[in-house]
Amino acid sequence: MTALLDSIGYSGWVLHTLIWMPILGIGLVLWADEQRAKYVAFWWSAVVLILSLGLWWAFDPTVGGIQMESATPWIKSWGVSYALGIDGISLFMVMLTTFSASISILASFNYIQNRQRPFYALMLMLEAGVVGVFLATDLFLFYVFFELTLVPMYFIVGIWGGARRIYAAIKFFLYTALGSLLMLVGILYLVYRAKTLLGAPTFAYAELLQVPLSGTEQLWLFGAFALAFSVKIPVFPLHTWLPDAHVEAPTSGSVILAAVLLKIGTYGFLRFLLPLFPVAAQHPVVVNTMLVLAVIGIIYTACVAAVQSDAKKLVAYTSVAHMGFVVLGIFALNVNGLQGGLVVMISHGISTGALFLLLGMLSERRHTREIEEFGGIARVAPWFATAFVVTALASIGLPGTSGFVGEFLVLLGAFEDHKGLALTATLGVILSAYYMLPMVQRIFFNPLEKQENREIRDLSKREIVILAPLCALMIWIGWNPTPLLERMEPSVRAVIERVEGATIEARARVEDEVNEGQIVDDGQE
Amino acid sequence: MINEALVLSSLLFVLGTFGVLVRRNAIIMFLCIELQLNAVNLAFIAFSRLMGIDGQVFVFFVMTVAAAEAAVGLAIIISVFRHYETVNVDNFKLLRW
Amino acid sequence: MHTALVEGGQATVDTAAQFEPFFPGLIILLPLIGFLINGALALKHARVSAAAVRLGGELDLGEGDHRPETHTLPSYVGPGVMLAAFLIASVNFIRMLSVELHEPHVIEYWTWIATGTFTVDAAIQLDQLSILMTMIVTGVGFLIHVFSVGYMSDDGGYPRYFSYLNLFIFFMLVLVMGASYPLMFVGWEGVGLCSYLLIGFWFSDREKSDAGKKAFIVNRIGDFGFLIAMFLLFGMFGTLDFVPLFSEADNLEYGGSLVTAVTLFLFLGAAGKSAQIPLYVWLPDAMAGPTPVSALIHAATMVTAGVYLVVRSSVLYALSPIASATVAGVGVFTALFAATIALKQNDIKKVLAYSTVSQLGYMFLGVGVGAYATGIFHLITHAFFKALLFLGAGAVIHSMHRSLHRTNDHQDPQDMRNMGGLKAFMPITWGTMWVATFAIAGIWPFAGFFSKDEIIWQTAAFGGAARAPYPALYQVYWVIALGTAILTAFYMTRMMVMTFHGSNRTGVEEAKHLYEAPPVMWLPLMALAVLSVVGGWINVPEALRETFIGLGPLTSEWLHRWLEPVTEQAHHIQEFNLGEVAEQAPFGGGEVTWAVISTVLALATVLTSFHLVIRKNVRAAAEDPELSGFSKVLYHKWYVDEVYDRLIVQPLIRTSRFCWRVIDARVIDGIVNGVGWAARGVGFIVSMFQTGTVNTYALVLTIGALIILGVSVF
Amino acid sequence: MTIDFSRQLHYVWALLPEIILCVSGMVILVVGVSGRYRHAHMAAGGSIESKSGDDLGWLALLGLLGAAMANAWLYSVTEVGESSMIAVDRFRLFSNWIFLLAAVLGILISFAYVYRQRLQAGEFYALILFATAGMMFMVGARDLIVVFLGLEVMSIAVYTLTAFNRRDRKSAEGGLKYFLLGAFSTGFLLYGIALVYGATGSTNVAVIGEAISNGEASMGLLSPAVALLTIGFAFKVSAIPFHMWTPDVYEGAPAPVTAWMSAAVKAAAFVAFLRVFMVGFDAIYALWYPILWWLAAITMVGANLIALVQTNIKRMLAYSSIAHTGYLLVAIAAANETAAAGMLFYLLVYTLMNMGAFAIVMSVSHHSEERLYIDDYVGFGWSQPLLGVFLTVFLLSLAGFPGTGGFMGKIYLLLGAAESDLWILSVILVLTTVVSYWYYLRVAWVMWMKDPETEGQHNRIIVPFPMRFALLASVGLILYVGIFPSAALEFARTSIEGLGTFGGGLIGQGP
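Protein sequences appear in the order of chains P, B, G and X.
Heads up: the first sequence begins at 40 in the working numbering, then just goes up one per residue.
Heads up: the second sequence begins at 691 in the working numbering, then just goes up one per residue.
Heads up: the third sequence begins at 8 in the working numbering, then just goes up one per residue.
Heads up: the fourth sequence begins at 926 in the working numbering, then just goes up one per residue.
Any given hint might turn out to be false.
Computed footprint of chain P on chain G, listed as stretches where at least three residues anywhere in the stretch have a Cβ under 8 Å from a Cβ of chain P [as the list claims (entries may be wrong)]:
hint, region
1, 196-209
2, 588-601
Straight line, CA to CA, 20 Å or less: simulated PhoX-like cross-link-like pairs of lysine-lysine [to be verified]:
hint, chain 1, residue 1, chain 2, residue 2
3, G, Lys639, G, Lys351
4, P, Lys500, G, Lys51
5, X, Lys1095, B, Lys783
6, G, Lys639, G, Lys430
Since the hints were made in silico from the structure, they are not lab data.
As the structure is a prediction and not an experimental result, all values here were calculated from the model.
Backbone N, C-alpha and C define an ideal beta-carbon position, used for all residues, glycine too.
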């Protein structure tokens, strides 16, 4: 396989292709006629997916740094370049994106009944944007893609969403934009520092890594970046946009949102926050703040999820809890925690994505998402129920599914230095059963009382095609995550080494400054 | 000498400003503005005693411009009067908030 | 995967040169294959029956040979894979018997999780303990599978049932054969999952579905402890594989706080899985599942996993006197507590459920006093007689159910008040169940006598050890254990009498439809009955064998010696730190004396209670008056469920609601929306300056000008 | 060619674009009052088919083309000798491009409006040309006298244009308000000029700068002078609290005039503002920097907040334009080369996007003054998808979204602010940008996301050819600049060269 890929120069063009193919697809979709747009969009995204699969082999798992790099000057006077690259952290995010994009397009065939062409065009635009976010190695380019993902999502939620779609869309948009614009100022600060150092401004990630920053500067910049990413993740208490957005979004929007958009935040932590501001990232106040927020997120949102009457909202809240695990893993600041965080990201993408797909299929059939409206559906739709139970179990981290591997590693990592917090976070294991099982029971089990429920159809062939790979992945990752882990490890190690490499003097300096009361940690408010 | 002239100029200017603030008749307001311009002219003339001829040249330009402004301004006031039958600015409140 | 297993098996033989495993991977793999086949059939069948449900009816299963193929194949595949697995396990067992195996035999298949600092392989560990557990699981499992063929024959979810059952065996084998804590945890939660699925097998019934959910959630509380223990262990040892971990454990300080924490958290896990106080509440509810499931999961195998866990970690427990005392204490109090509740239950399965909780308590008492092999011993005998009791109860319920169903009677088929006099209709069931009752009551020479007596004796001996940590405490334990044995004899006799003796209370018409279970069901009963008699003879202590109680040459202390490689490390620690155990019980008397006393007491209780209960006028459920006084408290299980609901469940739900409705919706969203509204409010107010009057504009302009002038000039 | 201002005739060459504009304006006036046009216009009765005024429009465009050619030609000349009243530098020429662009777009979008509203085409187009010439005077001025003259040439023409629609009450009212307040503020500006003259003895910006840095100026006169000049310019750029006229005038003025003036007048004022302050008052940066800091901050915050509650789209865009003033004031407060270049670039992009947005507002209102409420846009996107997408692009660009020129402009401004360490101001800028998202996106959601109660209310929208051209050009340029900004950025950056040396920006600290 590797030889075949080499012979076509795969690693030279694939990254560009993954961004530009979907953009090209926008044109194709708009050009196709209304009824065929969905097929065009699906097959196009499937081609992108297939192209991205080659990364599995083309990626060199021994390299810790960024590979397949390429950079073309874009805005010379600002030092901006169109620079792409991939490493163990972004590899799976990219594949997850192409995968969930295809899946969610396929899942929209019935759901989206009007204005199909713009819908699929926006989906492809979203795909391009998200892939770009994960591939960009230039902060300017990253920021551009980061913001570009907002627009299609805004319209997808706002146009094809539910009753309160506009509120949800604008809330999503403003929340995210607030954080990201402050990050922009942070980026510019870095660039300005780079300019005074190098003589010319640069946005290149590799060069910005070289910029020496004082402890105070790091803390401020960390705050700016962390706010942007924390909103995106979302970290408690910045999470309230998420349930609204999820509930109102059409199925495919929810899927993409859960599967990849949230990951942009945690990806940002791994790619930018930790390496760029290593001193701030290990400052005890910062670490403890982030960990406490993560743990609150895990416990609190699990509780809130449990009392939701809207199934989609319930799953939306569980997303916050899952992402809390990721943050916990990241700020454990060790190999286990980070790798676990990455696995949770992947696993959450698959399992929560699948849950949203299933709930979408359910509401397509019944036109409601109220849990109370269902009951006993396993009797009329046994395959549906099977898929749902498998997914739900993966979501609550049953061993043997992908969810367990990630959460286990996260908690293992967090436990090394933060026993109390990790112990509290582990309570999330109990709470996950507390929110998930009652929902499964009330929808699929219990007596089949309502006539409408009796008429619910089982999975169609298309739906099986959508769900089967997802379920297979959940179980495969649960039993054999090593191929994933070994591809991540060098990159994760590089991040850890960078953080640990930040000198002890620098750390001491920061502490002195804090003791003198010069800085206020604004990392999270 | 220059100080007295400047004080007078500024007094005139303040007077003009005050007029604009308190009067409601568009034409009177415009006249107050003219008063301000003349205050400036006075300052220019005063300065030009020390600084040379430029100031006096400037005054001519100001006068010319003031004349042009007067022409346009009065035309606009007439236009407004056609619609409102008044030149009291308190009545022109179609555009607000 | 098959080939990988076999190859892997052959590749790593040299860790124990003498022992040659015989396809051990297949033991695990076979039930998985069975699960896949049955699962596929179940899915296929489910579509058909779903179509029928959608039309408003139920699928007509037909009788006998006319059943759909989805129903015949599981009958062979389900028990078939179990038999095959049992045979392979037996081969391995026999091979192990013939060699001296001091070190566990670990077979690695693939790297499961490897992050660079933490590695755990998908590996199985063959040693004396795991092979024994494997034998129990596959052997008893096979019998119960066979029984199920008869018991479930009328059920619409037949293939689904067998797929769950096979899956359960798969996870149970992962649990007992896994070579590391994480892998054990996979099985640990996996069996929990299957338990959940099987308890809620008839998911259309809200109560049954609730029971499954309750089991899962309560188990997860235990799993929380297991997880924390694993994290602590990883911090202490840097590995979670059994072999390196336990060999490192020798270096730990005796009674250290870390090891105490680890063992206590592990015990939380064990308490969840094995239904000990305070997490026992799910097990009685779990009786909602099909009765063979209760026999397999909730009596013979899964619920004993906690005991297995403690024995597996015996090194750690031996190092922590506090944890051991806790284990023993929780065990003995659970034994007593559950036994009291069992006294007043009328549902035949509930009695057995509380009896199981109680017996599990005995096992924990055993492992808590350092008698690890004895704990396992009771686990084995209990697996035989409790499985037999449940299957017997299953046969009774099966018969009752069919009879009530045919006569359109809506009485509860599990309520003993509706039974009575069944001896006449079901003689085999009656006979085998009495065997089991004698066994559980601890009557010589049935299996339970040897195992339970050993536990009680070890408690006394441990409490009297030279440097025993809390001698008084152990004496209390010993007294309670003895007392509970009497209670056990009483409630079991009561159950037997109410079910099989006295007058028939089913009703005349119904009684015509009562009959003995088919051979496919009673054959396993017979097999288990035999085991319930002779099962105890594998481990008769030297002291008893010197007297007639030991049955002479028929018996041996085999189990103790067999498990010695697993437990010797723990025993060394214990001996080193506690000194020799006592030869005398607290009130004097040696092992033999007390064995005689206890069996006499038990026999006396059985006889007395038989006459007491048979004379009591038991009325059918519908006519039975409400209980009062202390009986009512016992009948209502000390109101523990209600207390939990009041103290834990409801507050949790209320807190959750508060978090959602107040913190999320009011506070956080309130701030978010408030900022939005405030911005627009300010905007609105500021826009009010835009009055439309030129003078206002000029005034604002002038004020601005004055400010700027002021700032720049002064 | 070299221009030597010691020879009076060379002023003609240096002012060639302005002269061409003035001449063509006069020609249009003369042609416009000739019987043919007057008659044709009246006879047609303002029906939409009448194209009588179009000829004059094309004539005006021809004049603009001539000016553009002259402007291009000026790139080839070099200036020698004493510094004069007129600058021939790239800074001026770049600004000229902005005015020419604004005028071209303004005229292109006016065609339909002019005949729908039966405006006198001749005077209308001529006044646009005159005003453009005034702007050019303003930005080319190295002498405060010329600045003043240019300002007045521009202002008087714009006053007239504001009140141009005599049939419309609002137009007249807006014109009056603009006129009164404009003249009032001119008084402050003039007084400032007088005091500068008194303090330094010159009205030439370069000489003033030298005098100040040599310490020859009287600070007692200079500080009120700078304050008064700030007030005068702040009025023209409509910074809060000197902005009060803006919403009223923008709402009252004929829509194409609003579109054009919101971009061009602001640009002219800003460029002159920048030149006077950065070249003339560079040495006393510390004196005026805090004033501009606060002006920028208050303007950004206030305008964005008020814009939130607007229901009329013209008025909303007016407040949005004030908000953009705030962003641009950051550049002046930063006062360094990057900021200056950023300002030029931003003005260019702002012209495109703001006029584009107004052009669509005009087509939705059927080239009249109706249906201007945001709620009238319900269902607009789906019945006019192309226009809807265009408006969305314009709004996203105004909001500063990546992929559009507005984003690049904002980044440029922020980079300028960064160089002067204006971090707090940068944060205010981005925070108020978030606020602005709300009202820009409100239009987007009204037109795409709300379901209309009545169908077909946007079916009769007509976009005549010139406006179509203007829209396509604007969208194309905005996207082009948003995706490939290098050429434009480079152009803006090189246009700053030779403007002067700035040292002031480097001493900036938080106020």
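Would you pick out the hints that fail for this structure and give their numbers low to high? Result: hints 2, 6 break, sorted rising.
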